Amino acid sequence: MSRRIIVPFGPQHPVLPEPIHLDLVLQDERVVEAIPSIGYIHRGLETLVAKREYPEYVYIAERTCGICSFIHGMTYCQGVEQVMNLEVPERALFLRTIWSEYSRMHSHLLWLGLFADAIGFENLFMASWRLRESVLDVLEETTGGRVIQGSCKVGGVRRDIPGETLECMVRDLEGFERDFKEIANVFLRDESIIARTRGVGVLSHGDAYHLGAVGPTARGSGVAIDLRKTGYAAYGKIHFKPVVETDGDCYARCAVRVKEVFSSIDIVRQAAAKIPEGEIEVKPKGNPNGECFSRAEQPRGELVHYVKGDGSRHLVRSRIRTPTLTNVPPLVKMLAGCELADVPVIVLSIDPCIGCMER
Amino acid sequence: MTHLSKSPWILHYDASSCNGCDIEVLACLSPLYDVERFGIINTGNPKHADVLVITGGINEQNREVVKNLYDQMPDPKVVVAVGICASTGGVFRECYNVVGGIDCIIPVDVYVPGCAARPESIIDGIVRALSILEEKKKNPAPGRAAMGGER
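Here the protein sequences line up with chains A and B, keeping their order. For the first sequence, the residue numbers in our numbering are 722 to 1080. For the second sequence, the residue numbers in our numbering are 331 to 481.
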């Protein structure tokens, strides 16, 4: 039994696209304990509600995170709309659903690429990111922005997707699905990936539940929570099942995300078939007075936006709870007892989005 | 772009960006934009890097990290600030924890506009930085020349 040593991991580390710092307490090659410390990206954007009027704050809410920016903007808008009792037109709700699912596909493909890179499978990283560009092309064509869309506003959406474009999007999904199947096969069947991920970083069902894991991290451990099932936007009118795996290891979390891309494709198809004609926005009258917790399913899990208004143009308080923050305690649990070489794979398996987490 | 005498390696650090510019920097490495055709490789080691690419503004906690990364890079080196947050603090400049752009800590050679910066403008910015790098190689800063030129 050798003595314990501490290896610092991050904030700047080749495998991490974003800074988080972990102190890894090692005994031989095994991690005894992982102590996270955060704050490298903290900006304090919640306080900007005092300086921006409530319709302008959508712009800030979207910049909480550049990967799931649309869903951040949408969740904030949902909260304000609920406080103001705004009836958002049906077509706008369907458009929000479609853009949310495209954001999910782009986020999951991004993560699959980074995960492959963490394993050392660079070819697969390139393949995932090449396919992701086709999703970004759709987002750019329909909203004008590749990663930050700016298409959501209080009371609806800014842009409509014309019927022909929707048909074209659905047609293109066929090719996308075919290409993604090839990549999915590698992620789910390749021996080297299975060897690096099976049985690594196991999180039991009980731990996932008690530590408050959300999103694919929870669903990989058999906890079937998916906020989309609460029926916000147009999800109430769409049939889908939350993807659940039971093993709780890195492979299970990867499989959840791979299968969710297929489920997103299906949701976009259903939404495109059911979308009604009509207006895409209502003009908000007056100012928000009251408070609301607005929840939505981000690619990484449950996102909560709390908004509180006092009847003026500025909100009194905005509070954002992001999925990565709630997934850090499960991550610490997974890291205890793992091999040092598996740390990058396990850290990435919760899909850490530090920009989101620290706001 | 003029003739390059070596393959420039970049070091990417996310100061306090929202990730938007980060994933666009990474997208530059993907097959569609493929900056490897200029010989550019994204390295994780500051001691191997020629170009420091920073996204996001400076905040109280990462101030030392950015300074440290810059100091660890060998001369000649260039710094590219990607996105408006890295250039001026951007939409977050009024936040209590944001100090400002990268240039309040280290000298910046190229500013890339955009929120989020597009891969095309990032590539343009880095290619411009490469000619500045060649320039710095030919005329090393006086302090360094006295110590024996470039390392």
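Rather than coming from a laboratory, the hints here were simulated on the basis of the structure. If you're wondering where the values come from, they're calculated on a predicted model, not measured in any experiment. A hint or two may mislead.
[Claimed, not checked] Derived pair list, reagent style DMTMM-like, types lysine to aspartate or glutamate, alpha-carbon separation capped at 25 angstroms:
hint, chain 1, residue 1, chain 2, residue 2
1, B, Lys336, A, Asp881
2, A, Lys962, A, Asp987
3, B, Lys377, A, Glu888
[Claimed, not checked] Here are some, though not all, of the chain B residues that point toward chain A, as calculated from beta-carbon distances under 7 angstroms:
hint, residue
4, Ser335
5, Ser337
6, Tyr343
7, Asp352
8, Pro361
9, Thr418
10, Val421
11, Val429
12, Asp433
13, Ile436
14, Asn469
Cβ atoms here follow ideal geometry from the backbone N, Cα and C, with glycine treated the same way.
Consistency of the hints with the structure:
no. : hint                : result
1   : B/Lys336 / A/Asp881 : violated, 49 angstroms
2   : A/Lys962 / A/Asp987 : holds, 11 angstroms
3   : B/Lys377 / A/Glu888 : violated, 51 angstroms
4   : Ser335              : violated, 26 angstroms
5   : Ser337              : violated, 17 angstroms
6   : Tyr343              : holds, 6 angstroms
7   : Asp352              : holds, 6 angstroms
8   : Pro361              : holds, 5 angstroms
9   : Thr418              : violated, 14 angstroms
10  : Val421              : holds, 6 angstroms
11  : Val429              : violated, 11 angstroms
12  : Asp433              : violated, 18 angstroms
13  : Ile436              : violated, 14 angstroms
14  : Asn469              : violated, 30 angstroms
The structure does not agree with the numbered hints 1, 3, 4, 5, 9, 11, 12, 13, 14 stated previously, though it agrees with the rest.
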